[in-house]
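Colleague: With these hints in hand, go ahead and build the complete structure from the sequences.
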Amino acid sequence: MSKSKTLLLITLCVVIYLLNPLHKNGKDTISCKSDVSYHWRKNQLDLLITQHLQDGKGILSISGILYDNDKAKAYLSKTVSFSYQQNGNFYYFRSELIMDSPQMTMSLSDQKRWLPDFFIDTNKPLLLKAMLYGNGAWIFYSENTPLFVCERSQ
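Heads up: the sequence shown at position 148 corresponds to 128 in the working numbering, and the numbers run straight through without jumps.
Because the hints were derived from the structure by calculation, they are not lab data. No residue lacks a Cβ here, since even glycine has one placed at the ideal position from N, Cα and C. Treat the hints with caution; some may be incorrect.
As the list claims (entries may be wrong) - Taking lysine to aspartate or glutamate pairs in the EDC-like style, the calculated list, with each CA pair at most 20 Å apart, reads:
#1 K22 / D48
#2 K53 / D80
#3 K58 / D101
#4 K53 / D15
#5 K51 / D35
#6 K37 / D97
#7 K53 / D90
To be verified - Derived Cβ-Cβ restraints for the label pairs, each shown as a range:
#8 I39 / D15: 12 to 20 Å
#9 K51 / G114: 31 to 39 Å
#10 S87 / D8: 15 to 23 Å
#11 D35 / R93: 27 to 35 Å
#12 G114 / P82: 31 to 39 Å
#13 M111 / K51: 31 to 39 Å
#14 I39 / S17: 18 to 26 Å
#15 E123 / P82: 17 to 25 Å
#16 S133 / R21: 26 to 34 Å
#17 Y55 / V129: 21 to 29 Å
#18 P126 / S87: 38 to 46 Å
#19 H19 / G68: 25 to 33 Å
#20 G68 / S89: 32 to 40 Å
Modeller: Next comes the structure, spelled out in structure tokens:
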């Protein structure tokens, strides 16, 4: 095989590789991550949220630290596999499989205080609104309340 054919083949492979994420992260796909802090009185929950939604199936991972009076109280780390239906900007999630990390130390009562049932029990609903924000980010809402900005992940 000549050098030019080899170079052409390598170039073609690189182009296909580079275009592949564009196909996976298309118009109807949301793949993003977010850092967010929620405060309630003297408590704070810092979270890293990653999620991928495509073709009616999704995976959402949350990990973070719960603080009580500025002292670390518990660690949260779980992944939820879910199905969803989309109607415009509204997403109706239903939890299917919930996996808690072995490193998680957050009590069930703290989880129930901070998280919707969707993150705790299977077959629980969660209704969110996702609005495109700029080029490559979404704002997720619960009713009219913005919850977090999620930036496109590659």
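Colleague: Hint check: K37 vs D97, CA-CA at most 20 Å. Holds or violated?
Modeller: With Cα atoms ~18 Å apart, K37 and D97 stay inside 20 Å; holds.
Colleague: Could you tell me whether the CB distance from G114 to P82 stays inside 31 to 39 Å?
Modeller: Taking Cβ atoms as reference, G114 and P82 lie about 37 Å apart, which means the hint holds.
Colleague: CB of K51 to CB of G114, is that within 31 to 39 Å?
Modeller: At roughly 36 Å between Cβ atoms, G114 and K51 fall inside 31 to 39 Å, so the hint holds.
Colleague: Please verify whether K22 and D48 have alpha carbons no more than 20 Å apart.
Modeller: 6 Å, holds
Colleague: Sort out whether D15 lies within 20 Å of K53, counting only the CA atoms.
Modeller: 19 Å, holds
Colleague: Go ahead and decide if the range 12 to 20 Å is satisfied by the Cβ distance of I39 to D15.
Modeller: 18 Å, holds
Colleague: If I claimed the Cβ atoms of G68 and S89 lie 32 to 40 Å apart, would that claim hold in this structure?
Modeller: Holds: the Cβ-Cβ distance is about 36 Å, inside 32 to 40 Å.
Colleague: Range hint 27 to 35 Å: satisfied by the CB atoms of D35 and R93?
Modeller: The hint (27 to 35 Å, Cβ to Cβ) holds, given that D35 and R93 are roughly 34 Å apart.
Colleague: Keeping to a limit of 20 Å between CA atoms, is the pair of K53 and D80 held or broken?
Modeller: 17 Å, holds
Colleague: Assuming the hint says 15 to 23 Å, is it satisfied by the Cβ distance from S87 to D8 or not?
Modeller: 38 Å, violated
Colleague: Hey, K51 versus D35, does the alpha-carbon distance stay inside 20 Å?
Modeller: Outside the cut-off at roughly 41 Å; violated.
Colleague: Could you say whether the range 25 to 33 Å given as a hint is met by the Cβ separation of H19 and G68?
Modeller: Because 31 Å falls inside the window, the suggested range holds.
Violated hints for the displayed structure, listed by number in ascending order: 5, 10, 15, 18.
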